[in-house]
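In case you want the letters, here they are:
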Amino acid sequence: MSPSLIITAYSLLFLLLFSVSLFVFIIVRRLVLEQRKVQFDRLYKQIEKDILEAISLLDPDFSLGVARKYGRHRAVLTRVLLDFGDIIVGEGRDQLRIIFNQAIRGRCLRGVASRRTTKRLQSIRLFIIFFDPVDSAFLFRLLDDKPIIKLAVINALARIPSPETMRQIFKAFEEDTGFTVQAYFNIIFGLGSRTEPLVKAFLNKPLPVDKLGLLVELVGAIPLQTLYEDVVALAGHPDKEIRIRVARTLGKLLIPKTVDTLIALSSDGAWEVKAQAVKSLGRMKNLKTLDVLERSLFSPFWYVRYNAGYGLAEIGEEGVRRLKEVAGQEEDRYARDMSVMVLNDMIFPGEAA
Amino acid sequence: MSDVLHAILHSVNIVILIYFFLINAFYLLFTVLSLFGLFRHRELTTYISFKEIFRLPLVKPISIIAPAHNEEKTIIESVNSLLALEYPVFEVIVVNDGSTDQTLGALIRSFQLEKSRRVFRKVVDHKPVKGIYTSPSHPKLVVVDKVNGKKADAMNAGLNISRYPLFCAVDGDSLLEKDALLKMVRPFLEDPEKTVAAGGVIRLSNCCMVKCGQVQEVRLPCNALARFQILEYFRAFLGGRIGMSMLKSVLIVSGAFGLFRKDIALQCGGYRVESIGEDMDLIVRMRRHLHNMKRPFEIRFIPDPICWTEAPETLKCLARQRNRWHRGLLDTLLHNKSMLFNPRYGITGLFAMPFYFVFEMLGPFIELLGYIMFAACITLGLVNYPFAVLFFLVAVVLGTLLSLLSILLGEYSSECYPRRQDILILTLFSLLENILYRQWLTLVRVLAFFDFYRGKEEWGAMQKKGFAQAR
Chain Z
1 MSPSLIITAY SLLFLLLFSV SLFVFIIVRR LVLEQRKVQF DRLYKQIEKD
51 ILEAISLLDP DFSLGVARKY GRHRAVLTRV LLDFGDIIVG EGRDQLRIIF
101 NQAIRGRCLR GVASRRTTKR LQSIRLFIIF FDPVDSAFLF RLLDDKPIIK
151 LAVINALARI PSPETMRQIF KAFEEDTGFT VQAYFNIIFG LGSRTEPLVK
201 AFLNKPLPVD KLGLLVELVG AIPLQTLYED VVALAGHPDK EIRIRVARTL
251 GKLLIPKTVD TLIALSSDGA WEVKAQAVKS LGRMKNLKTL DVLERSLFSP
301 FWYVRYNAGY GLAEIGEEGV RRLKEVAGQE EDRYARDMSV MVLNDMIFPG
351 EAA
Chain V
1 MSDVLHAILH SVNIVILIYF FLINAFYLLF TVLSLFGLFR HRELTTYISF
51 KEIFRLPLVK PISIIAPAHN EEKTIIESVN SLLALEYPVF EVIVVNDGST
101 DQTLGALIRS FQLEKSRRVF RKVVDHKPVK GIYTSPSHPK LVVVDKVNGK
151 KADAMNAGLN ISRYPLFCAV DGDSLLEKDA LLKMVRPFLE DPEKTVAAGG
201 VIRLSNCCMV KCGQVQEVRL PCNALARFQI LEYFRAFLGG RIGMSMLKSV
251 LIVSGAFGLF RKDIALQCGG YRVESIGEDM DLIVRMRRHL HNMKRPFEIR
301 FIPDPICWTE APETLKCLAR QRNRWHRGLL DTLLHNKSML FNPRYGITGL
351 FAMPFYFVFE MLGPFIELLG YIMFAACITL GLVNYPFAVL FFLVAVVLGT
401 LLSLLSILLG EYSSECYPRR QDILILTLFS LLENILYRQW LTLVRVLAFF
451 DFYRGKEEWG AMQKKGFAQA R
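Chains as they are written, first to last, in our numbering: chain Z, 1 to 353; chain V, 1 to 471.
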């Protein structure tokens, strides 16, 4: 036999064995998973029934009994606690916390130190749901972990909005870079108006544009109306992204004093800023803005015209009157078509904007 | 003379052998990378609760653009599936691209459409719009009726009419899973600056039971051709594109389901109307544009958002579809040939484009050459039969192994087919596809090359059966 024939024969043998093993693996995996699923579902239903009873009885002894009864089936119990922990609040969650502390907490503490990211994440998620202030010290240590773990920890810390945890969250926000920055929006947004002093302090810090923009956006989303002056101060920021966000935020805060800032932004050099300022002016529902909005309908930029049209529609009767006027003129067909479209759209209430 | 012929045959055979090993080594590499990619993705999504995260006010609204040409049998289910999507803010723009059947009529009747006087900004060019329809009962739906262009032309019309910063390209005959957009938008949330496009998995809906625009029961198609295609889709999406995504080399985001940043697409001039494979063409031009701008970017493939589509079930339809795909590949590669082996375009120019050029574009020719050489060797009595038989078996088993690996990937990404015997059937088909089906496809792709040079522009429409309805 020639060497090439021998090599080919061995290759075939190896590939055949590999393929057959893979096929067997897929089938066996399926069988095992199906079997496990049946057992899992049966046990899940039992635990679910007992947990629902614990939640309705609100008896700590009963909850302890449930924890002891299912302590051996930690995987299923963990799943049930994750599912219920997300939706049950108040005293019901206290019962779940008793079960967690009794049956799962030790395992979770080990899970947090696990080498497997999945396990670490699952453990941290449980800590997020059943947060106990005594755990905060060890959670602080995890702030040096991978970005995803760090984010999970920050999420957990956001559950106890003490000055110390908030300081840690803002410190992490200041230090973090890249994609996780966006996730801080959710976290800080969840903390609500208690973040006001820290947001104010950070708005006056020299931050990168993405972080500063995110904070400006937060002021409008929460909303933190007392910070409008700090936002107005950024209206002259050299970066247009910040000016866009300033315009958007002012449209959410709806402070009458900021109309002039928005009018100034509506004649900004960047059309994106103009478009956003015009949109916010529409939301202000202030008759002072009518002329600006009407003028903006004749803008060469489609988005500016679009926002001006819907802005006028939002103002109400007088805005609609102006729209009709523009719709009736013949000098600028772009302004006319936009007004006609907005008037036509007003027939359909609830149109997605 | 005979010695010279022998030497030529021997050299060609060596080239074909090297090619065979290289192509399979790459496919194996992609599959292994896909496994890693899939595990990493699973790790991340264990923590991420989509419902929580996507309530973020920063999540960008999406315009879903669905071009439809003669889709009367599937369009209503498709639009229902799109309107039922779970996403904070989105609009559905159906572009009726000059259908000659009742596509528009069916839409008007089913969704109580009324003619709107909506105006739009014509940033990219397209054939004239005959009318825009909106529905008081479905405010998220906009139907655009336009003169027939091609799919790219319809997409451009949709791009102009769309209002949101991200757009999702879907086929008029596709069904999206309810949470598909939520999953797809994740990379845009993680890295909004760098992410410019993302693609999801396409699966075949043939024989699946559909209710209210959602696949209720996943079944293996009854048709043999569709079963072969399932294996191809598995290999392409799970084996290939996740691996390519790991290497930052995604060149195709399927036109049936892809999410893009509108500003970048518009900066590239939207879809190229003359293109045959408009999906690949857009991605390649986006890459070229972003490389030219020296702007860091990412095009991602996400393994869990699923889009269901109907596969052709006759040889004629399949041949037309594959002919168009191959012409599209040729058109895109040749249109952007300056990127090939050009270090200026980074990994796109040095790896992704050459890979598609050597293994996807020239692949059918090399394969055909292999068959011709084998026939020539038989005629000249030069065949070492034990080696030839063994080599053929190696090729078959290697192909089956790759299919099995992609089935395994399917099992890890989501349980692909619920019945155990389905795995057995798919394995059997992975063996069978090496006999005749593979050779037939090679021939179809080679013929596509000649059609391309003859300037054939036929789209390759397929006969739709419509979705099987669950009770």
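Do not take every clue at face value.
[Said to hold, decoys possible] 25 Å max Cα-Cα, derived SDA-like pairs, lysine to any residue: (1) V:Lys130 with Z:Ile263; (2) V:Lys122 with Z:Asp145; (3) Z:Lys45 with Z:Ser11; (4) V:Lys60 with V:Gly346; (5) V:Lys248 with V:Gly346; (6) V:Lys60 with Z:Asp145; (7) V:Lys194 with Z:Ala270; (8) V:Lys194 with Z:Ile263; (9) V:Lys122 with Z:Lys288.
I should point out that these hints are in silico values taken from the structure, not numbers from a laboratory.
Violating hint indices (sorted, rising): 1, 2, 3, 4, 6, 8, 9
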